[in-house]
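J.: Take the sequences, apply the hints, and build the full model.
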Amino acid sequence: MAELHHTITHSEQSTILAFQGEIDISNARVLRTILLQTLDRASRLELDLQAVTSMDSSGIATLIEAHAKAGDSGKAFRVATVSDRVRMALKLLCLDTLLMGGGATG
Amino acid sequence: MRDNLDHFTLDVTPETLSNVRALFTALAERLALGSDITHKVLIAIDEAVQNVVRHGYRPAELPGRLDVTITREDDELVFELRDYAAPADLAAIRPYPPDLDRPGHFGMHLIRAAMDDVRYSHAPDGNGNVLLMRKRLG
Numbered sequence: 288m289a290e291l292h293h294t295i296t297h298s299e300q301s302t303i304l305a306f307q308g309e310i311d312i313s314n315a316r317v318l319r320t321i322l323l324q325t326l327d328r329a330s331r332l333e334l335d336l337q338a339v340t341s342m343d344s345s346g347i348a349t350l351i352e353a354h355a356k357a358g359d360s361g362k363a364f365r366v367a368t369v370s371d372r373v374r375m376a377l378k379l380l381c382l383d384t385l386l387m388g389g390g391a392t393g
Numbered sequence: 004m005r006d007n008l009d010h011f012t013l014d015v016t017p018e019t020l021s022n023v024r025a026l027f028t029a030l031a032e033r034l035a036l037g038s039d040i041t042h043k044v045l046i047a048i049d050e051a052v053q054n055v056v057r058h059g060y061r062p063a064e065l066p067g068r069l070d071v072t073i074t075r076e077d078d079e080l081v082f083e084l085r086d087y088a089a090p091a092d093l094a095a096i097r098p099y100p101p102d103l104d105r106p107g108h109f110g111m112h113l114i115r116a117a118m119d120d121v122r123y124s125h126a127p128d129g130n131g132n133v134l135l136m137r138k139r140l141g
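Residue numbers (the working numbering), protein chains in the order written: chain W, 288 to 393; chain V, 4 to 141.
Some hints here could point you the wrong way.
[Claimed, not checked] Computed, partial: chain W to chain V, Cβ under 8 Å:
| hint | residue |
| --- | --- |
| 1 | Met288 |
| 2 | Asp343 |
| 3 | Leu382 |
[Unchecked claim] Reference listing, derived: stretches of chain V covered by chain W, where coverage requires no fewer than 3 residues with Cβ under 8 Å from a Cβ of chain W:
| hint | region |
| --- | --- |
| 4 | 16-25 |
| 5 | 44-52 |
It should be emphasised that the hints constitute simulated quantities derived from the structure, not laboratory data.
We treat Cβ as the ideally placed atom computed from N, Cα and C, and that holds for glycine.
T.: The following block contains the structure:
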């Protein structure tokens with residue numbers, strides 16, 4: 288299974304969920320579980336993917352799902368930082384603006 | 004002018020996708036592709052191999068054989084991925100863009116967005132499928 292680690296930090300403004308490693312079909316369920324559980328407990332969630340060296344469509348589908356769930360529950364969610372590879376994938380799918388909003392870096 | 008760059012066979016499973024990425028990353032570095040093209044090639048290859056694992060071979064058939072041939076034709080890199088899974092329903096393979104209400108099934112769309120030309124066909128001998136992807140250099 289592709290290696291994937293995560294850390295969760297809390298600030299006054301938001302919860303920051305950071306992943307490190309690669310995301311593909313071998314561990315996309317792990318991503319989904321952690322992301323949705325963290326979203327469930329947070330009122331404002333920022334995702335840090337700067338240390339994610341690759342993410343395929345199974346991982347990106349989970350980001351879309353999380354974005355939709357956040358919207359349905361009135362929570363703030365955005366992908367705050369991304370690696371160049373992930374940024375490229377999101378741009379190719381025209382999802383960068385939707386998921387990253389304004390001011391995202393990486 | 005056609006230049007054969009590499010040819011190898013992989014045994015693919017969900018767990019070996021990371022190894023496949025490492026292999027193609029090393030290849031991209033060897034070819035000095037540059038970051039932009041490297042990202043696009045790796046994104047397409049990652050999705051293509053994922054498709055073979057998820058939709059090509061049945062779970063009981065894994066690891067599945069995947070023959071990879073990489074050539075350079077003038078200013079294009081050509082990637083040929085040939086599997087030995089059951090012949091796919093070519094009419095059902097469509098590049099759907101992401102559906103925000105039903106995320107999923109946009110892997111082929113991502114491949115087509117990353118590469119300049121993508122063709123999917125049955126293997127000439129009827130035993131498997133061939134994905135041909137082209138990427139212009141520079």
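J.: Would you mind marking each hint as holding or not holding in the structure?
T.: Consistency of the hints with the structure:
1. Contact between Met288 (chain W) and chain V, as hinted, is supported at the beta carbon level, the nearest pair being about 6 Å apart and thus within 8 Å.
2. For Asp343 (chain W), the suggested interface contact is upheld, since its CB lies about 5 Å from the closest CB of chain V, less than 8 Å.
3. At a threshold of 8 Å, the smallest CB-CB gap from Leu382 (chain W) to chain V is about 6 Å, leaving the interface hint in force.
4. By the rule of at least three residues with a Cβ nearer than 8 Å to a Cβ of chain W, the coverage given for the region 16-25 of chain V holds, with 5 such residues.
5. By the rule of at least three residues with a Cβ nearer than 8 Å to a Cβ of chain W, the coverage given for the region 44-52 of chain V holds, with 4 such residues.
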